[in-house]
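Colleague: The primary structure of each chain is shown beneath.
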Amino acid sequence: MSLLTPRASPWQWGNVPGPTMAMCPDNPPKVYATMIKRAKNPLLIVGSLVLEVQLGGKLLLDYAMEIAKRGNCTLIATAHTYKAFLERNFPAVPMTLVDIVNRLQDPNFTANPEKKPPHDLVLFLGIRYEFASQGLATLKHFAPHLRTMTLCKWYHPNASWSFPNVKDDEWQKLLDELIQALS
Amino acid sequence: MEKGPAKVTVKELKTPSLHAKDLEVAVGRLALEEEWEPMGPTPMPSITTLRQWDHKLLNRYKPFYAPFCDLCCLCTFGKCDLTKGKRGACGLDIKTQTARIILVACCIGAATHTAHARHMLHYLLEKYGPDYPIDMGTEIEVEAPHIRLVTGIKPKTLGDLEHVLNYCEEQIVHCLAATHTGQEGSFLDYESKALHVSMIDHVAMEVADIEQIVAFGFPKGDRDTPLTDIGLGIVADTTKPVILLIGHNVCSAIELVDYMRKVGVGEPGDTIEVVGICCTAHDITRYTNRAKIIGPISYQVKFLRTGVADVAMVDEQCIRTNIVDIAASVKTPVIAVSEKACYGLPDMTNEPEDKIVEALVSGQLKGALVLDLEKAAAVAAKVAVRVAPLRKKYKIIPSEEEIAKIAAKCTYCGTCSRACVNNLPVSDAVNAAKKGDISKLAALHDACVGCLRCESACPQGIPILSLIEAAARKQVMTEKFKVRVGRGPVLDTEIREVGSPIVLGEIPGVVAYVGCANYPGAGRDVGEMAYEFAKRGYIVVATGCSAMSIAEYRDEEGRSPYEVFPGVFDRGGLLNIGSCVANAHITGAAIKIANIFARRKLRANYEEIADYVLHRVGACGVAWGAMSQKAASIATGCNRLGIPVIVGPHGSKYRRLYLGRVEDEESFKVYDARTGKKVYIGPAPEHLIMVCETKEECMVWTAKLCIRPNDTTKGRMIKLTHYIDLYKRFYGKLPDDLPLLVRTEADIPITYKDEVMEFLQAKGWKPAETPAIDPTLLERLIRARG
Numbered sequence: 001m002s003l004l005t006p007r008a009s010p011w012q013w014g015n016v017p018g019p020t021m022a023m024c025p026d027n028p029p030k031v032y033a034t035m036i037k038r039a040k041n042p043l044l045i046v047g048s049l050v051l052e053v054q055l056g057g058k059l060l061l062d063y064a065m066e067i068a069k070r071g072n073c074t075l076i077a078t079a080h081t082y083k084a085f086l087e088r089n090f091p092a093v094p095m096t097l098v099d100i101v102n103r104l105q106d107p108n109f110t111a112n113p114e115k116k117p118p119h120d121l122v123l124f125l126g127i128r129y130e131f132a133s134q135g136l137a138t139l140k141h142f143a144p145h146l147r148t149m150t151l152c153k154w155y156h157p158n159a160s161w162s163f164p165n166v167k168d169d170e171w172q173k174l175l176d177e178l179i180q181a182l183s
Numbered sequence: 001m002e003k004g005p006a007k008v009t010v011k012e013l014k015t016p017s018l019h020a021k022d023l024e025v026a027v028g029r030l031a032l033e034e035e036w037e038p039m040g041p042t043p044m045p046s047i048t049t050l051r052q053w054d055h056k057l058l059n060r061y062k063p064f065y066a067p068f069c070d071l072c073c074l075c076t077f078g079k080c081d082l083t084k085g086k087r088g089a090c091g092l093d094i095k096t097q098t099a100r101i102i103l104v105a106c107c108i109g110a111a112t113h114t115a116h117a118r119h120m121l122h123y124l125l126e127k128y129g130p131d132y133p134i135d136m137g138t139e140i141e142v143e144a145p146h147i148r149l150v151t152g153i154k155p156k157t158l159g160d161l162e163h164v165l166n167y168c169e170e171q172i173v174h175c176l177a178a179t180h181t182g183q184e185g186s187f188l189d190y191e192s193k194a195l196h197v198s199m200i201d202h203v204a205m206e207v208a209d210i211e212q213i214v215a216f217g218f219p220k221g222d223r224d225t226p227l228t229d230i231g232l233g234i235v236a237d238t239t240k241p242v243i244l245l246i247g248h249n250v251c252s253a254i255e256l257v258d259y260m261r262k263v264g265v266g267e268p269g270d271t272i273e274v275v276g277i278c279c280t281a282h283d284i285t286r287y288t289n290r291a292k293i294i295g296p297i298s299y300q301v302k303f304l305r306t307g308v309a310d311v312a313m314v315d316e317q318c319i320r321t322n323i324v325d326i327a328a329s330v331k332t333p334v335i336a337v338s339e340k341a342c343y344g345l346p347d348m349t350n351e352p353e354d355k356i357v358e359a360l361v362s363g364q365l366k367g368a369l370v371l372d373l374e375k376a377a378a379v380a381a382k383v384a385v386r387v388a389p390l391r392k393k394y395k396i397i398p399s400e401e402e403i404a405k406i407a408a409k410c411t412y413c414g415t416c417s418r419a420c421v422n423n424l425p426v427s428d429a430v431n432a433a434k435k436g437d438i439s440k441l442a443a444l445h446d447a448c449v450g451c452l453r454c455e456s457a458c459p460q461g462i463p464i465l466s467l468i469e470a471a472a473r474k475q476v477m478t479e480k481f482k483v484r485v486g487r488g489p490v491l492d493t494e495i496r497e498v499g500s501p502i503v504l505g506e507i508p509g510v511v512a513y514v515g516c517a518n519y520p521g522a523g524r525d526v527g528e529m530a531y532e533f534a535k536r537g538y539i540v541v542a543t544g545c546s547a548m549s550i551a552e553y554r555d556e557e558g559r560s561p562y563e564v565f566p567g568v569f570d571r572g573g574l575l576n577i578g579s580c581v582a583n584a585h586i587t588g589a590a591i592k593i594a595n596i597f598a599r600r601k602l603r604a605n606y607e608e609i610a611d612y613v614l615h616r617v618g619a620c621g622v623a624w625g626a627m628s629q630k631a632a633s634i635a636t637g638c639n640r641l642g643i644p645v646i647v648g649p650h651g652s653k654y655r656r657l658y659l660g661r662v663e664d665e666e667s668f669k670v671y672d673a674r675t676g677k678k679v680y681i682g683p684a685p686e687h688l689i690m691v692c693e694t695k696e697e698c699m700v701w702t703a704k705l706c707i708r709p710n711d712t713t714k715g716r717m718i719k720l721t722h723y724i725d726l727y728k729r730f731y732g733k734l735p736d737d738l739p740l741l742v743r744t745e746a747d748i749p750i751t752y753k754d755e756v757m758e759f760l761q762a763k764g765w766k767p768a769e770t771p772a773i774d775p776t777l778l779e780r781l782i783r784a785r786g
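Residue numbers (this note's numbering), protein chains in the order written: chain E, 1 to 183; chain C, 1 to 786.
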């Protein structure tokens, strides 16, 4: 018996970090879009799953580009995802997840020289669950100047805001609605 | 060497104030160490002796924390919530608490190897006596680089190793004590202690492997050890009794083979098959290559459930802790032989052999604890022969036809997927099987780490792993590969040959694939990486589960990497060094390069040797599936010695990395020992321990982390060729950090000359003022002040 709802309990059962866990809004696309629009220097970090996951015949990478473009986010391409963005002529910064998270602890860091530090909102998409969870834990504890937001289909307790646990069809709907709301 | 205690007996002593008779004076131990080299500055360092060195490292490679848990639950003040800057009742914050847990993990790792070495030494001293010589063969003079470097001792006999272990045990106790509530309070000092105890870990591993090499006659650095069979499919069709060995302490397995020889049942495979999982498997093949290796730690349940094993003999470390129940499910009796892992079994050590055999054959006992290894071996062989016809390879993996029927109970609740370590789509696969499509289940086999969390979570009690293995049965049957038997240390003669090209950079690097099998994907990914680097002319070395997984990769011609590359420590070699404890020979090779090739003093001279390795030996460890506390201490021990390590994504759960920041130029400055001037060396290496998410990212970083400030222009050119080549392949462009790595135009690879020059000019690159330096972080090594 769990006191947490199945949709907003840590995706991996054992990944319960402590008393501070992510908020899971009732209408994530609308809330997320408002916050992304309000952010001064938002960052979207994508991982290897953007090259592997297909939603409704569309690669997760395409969703990442849409969100980054419409949300005016600087895109950090971790793992070996950079090449795919280069091939699509989409601006991205190649970096490992640990390198970007390490720098995000520093309020004087910006990955986009055209924008003033700090990054005030950091979005995660397509990073392996356990690895993303650890990166989010670092930012939760050591980067009080920013908020984190996850766009994957898993509830991430270490984020500030997270999507709930959903199946692919609902995930696709959430991402489509987010893109729509960012327009 | 210490000898003693020494005693002096005086029959009668008369002084103005004293009259004594039969006076006996004991003076403890006498230092009789041969003066093989003048004693260095840090013999048997205490937990703070090398603190300054650690702080130099940690100034460049600052600890990066990713807390795994926001709470501390270690004392009755707690649970304390340490989230976002809160302190616990004892005063610790989350950073310091995380560093503390890292130290605990490293203590566990070091203690495990030390206890392994101690346990084995007890056994060997009883069998061979303390004067049994340490003879590592004619091509190895520096028989124990870690022991010599850290303790100052040059061990000559098994008895000498006792003193080394006494020292290790003392250091572990001190480090563990520092984690008690109200002790250490600085994250940096916790890290220094983690580095210290992990250095001790490498000493203990070296002790353990030297013990087994000299006592059991394992290969002493042989370049062409034979190939042996490995894979889940290697004994699937056998009708012979099969004994399965699991663990790390090979003594009981040696007794088994000796017993089989003594009673005339021949070598493994003649009448009884002897197969192993994990490091005992490596080590028994170092004794006889007629034994076979099933595979890494993750194959325990997968193999047991096939029913092929008639007896399981388990020693210590990395064994499934509910092994008795797993084995009982296929009617396989378990014989436990280690005090450290008794599994609640009745102690039958002092019972007559036949009584134990009867109890196990009849099923009266699911298993027995037999701490007398000779007896345990005899019992294992007798039980295997008697139980095999009764069991008839009883298995619980269903047939393909039964899969859908069992899967029908699935309610598609998704609980299994949320329990999966690798986040595999287990629920989708079981649900598809319910409808008759088993392909999705079969596809899970490669990335499944065999942990059984899915089954444990399933509310319907579906044996999910068995379904996966049933669906993948055709593939499993073909899983027969070749692995080279563990060769042990790198030879001094090999070091003399390759010392120069490694230090100058002309051999682009030494890459070590080590650690457990908690891989993010298929195990053969490690083989793919090893193949790539061996093909590129790096020296590739491997141990433990990683050495096994390398064998699972097949090239276009269907060959295992061990069949393609020679087992020599030279350009393009691929060496299986051996089991986990043989990791000490990898770091030992780096030490020997400094000592044998560069003639740096070895004895109790840790800082100078580590400084040498950090700046000159282009080595990089890759622990792609690191899982255990032992892997944590092995990696951290590499770090103190100046060797960077990459872990796979699950390694992020170790919760601490050592990361450099290239923007912080000051931290990448060293002394030029010739002039005393501080010189910028670039990010070489950039990190000391980091995580990569994919094998592609890992390969790029492996090439990069082999770059060292001491590279000659030719060496740097060769290293950059590989870095650029891999970067372009996986990222599609030139690396952005080239301006930091190209010191002069001569460093630029010829094949990329124009492209790189254009790139550098666009970035405003300027050649380094002093490209050739003698780099050091140690002021005392400066020869002339600038």
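There could be a bad hint or two in this list.
What the hints assert, rightly or not - Facing chain E, a subset of chain C residues (Cβ under 10 Å, in silico):
#: 1; residue: P67
#: 2; residue: G85
#: 3; residue: A89
#: 4; residue: M136
To be verified - Below, computed lysine-lysine pairings styled on BS3-like, alpha-carbon distance capped at 27 Å:
#: 5; chain 1: C; residue 1: K440; chain 2: E; residue 2: K58
#: 6; chain 1: C; residue 1: K535; chain 2: E; residue 2: K153
#: 7; chain 1: C; residue 1: K434; chain 2: C; residue 2: K409
#: 8; chain 1: C; residue 1: K653; chain 2: C; residue 2: K535
#: 9; chain 1: C; residue 1: K653; chain 2: E; residue 2: K167
#: 10; chain 1: E; residue 1: K153; chain 2: C; residue 2: K434
#: 11; chain 1: C; residue 1: K435; chain 2: E; residue 2: K167
#: 12; chain 1: E; residue 1: K69; chain 2: C; residue 2: K728
#: 13; chain 1: E; residue 1: K83; chain 2: C; residue 2: K409
For the record, the hints were derived by calculation from the structure and aren't laboratory data.
In this text the structure is predicted, and so the values were computed from the model without any measurement.
We put the CB at the ideal spot given by N, CA and C, even for glycine.
Colleague: Each of the hints needs a verdict: does it hold here or not?
Modeller: Okay, the hints, checked on the actual structure:
1. At a threshold of 10 Å, the smallest CB-CB gap from P67 (chain C) to chain E is about 5 Å, leaving the interface hint in force.
2. Annotation: G85 (chain C) was flagged as interfacial toward chain E, and the flag holds, the nearest CB pair being 8 Å apart, inside 10 Å.
3. Of the supplied interface hints, the one on A89 (chain C) is violated, with its beta-carbon coming no nearer than about 15 Å to a beta-carbon of chain E, more than 10 Å.
4. Against a cut-off of 10 Å between C-beta atoms, the interface hint on M136 (chain C) is violated, since the closest Cβ of chain E lies about 39 Å away.
5. The hinted pair formed by K440 (chain C) and K58 (chain E) meets the criterion: a straight-line CA distance of about 21 Å does not exceed 27 Å.
6. Note on K535 (chain C) and K153 (chain E): the hinted pairing is violated, with a Cα-Cα distance of about 40 Å set against a maximum of 27 Å.
7. The hinted pair formed by K434 (chain C) and K409 (chain C) meets the criterion: a straight-line CA distance of about 8 Å does not exceed 27 Å.
8. For a cut-off of 27 Å, the pair hint linking K653 (chain C) to K535 (chain C) is broken: about 32 Å separates their Cα positions.
9. At most 27 Å may separate the alpha-carbon atoms for a hinted pair to count; K653 (chain C) and K167 (chain E) meet this at roughly 26 Å.
10. Proximity of K153 (chain E) to K434 (chain C) is assessed by CA-CA distance (about 24 Å); at most 27 Å being required, the pair is judged to hold.
11. Taken as a hint, the K435 (chain C) and K167 (chain E) pair is honoured in the structure, with Cα atoms around 19 Å apart against an allowance of 27 Å.
12. Pair hint K69 (chain E) plus K728 (chain C) holds up; C-alpha atoms about 26 Å apart against a cutoff of 27 Å.
13. Distance restraint check for K83 (chain E) and K409 (chain C): the Cα-Cα separation of roughly 44 Å exceeds the 27 Å cut-off, and the hinted pair is therefore not satisfied.
The structure fails to meet hints 3, 4, 6, 8 and 13 from the earlier list, while all remaining hints are met.
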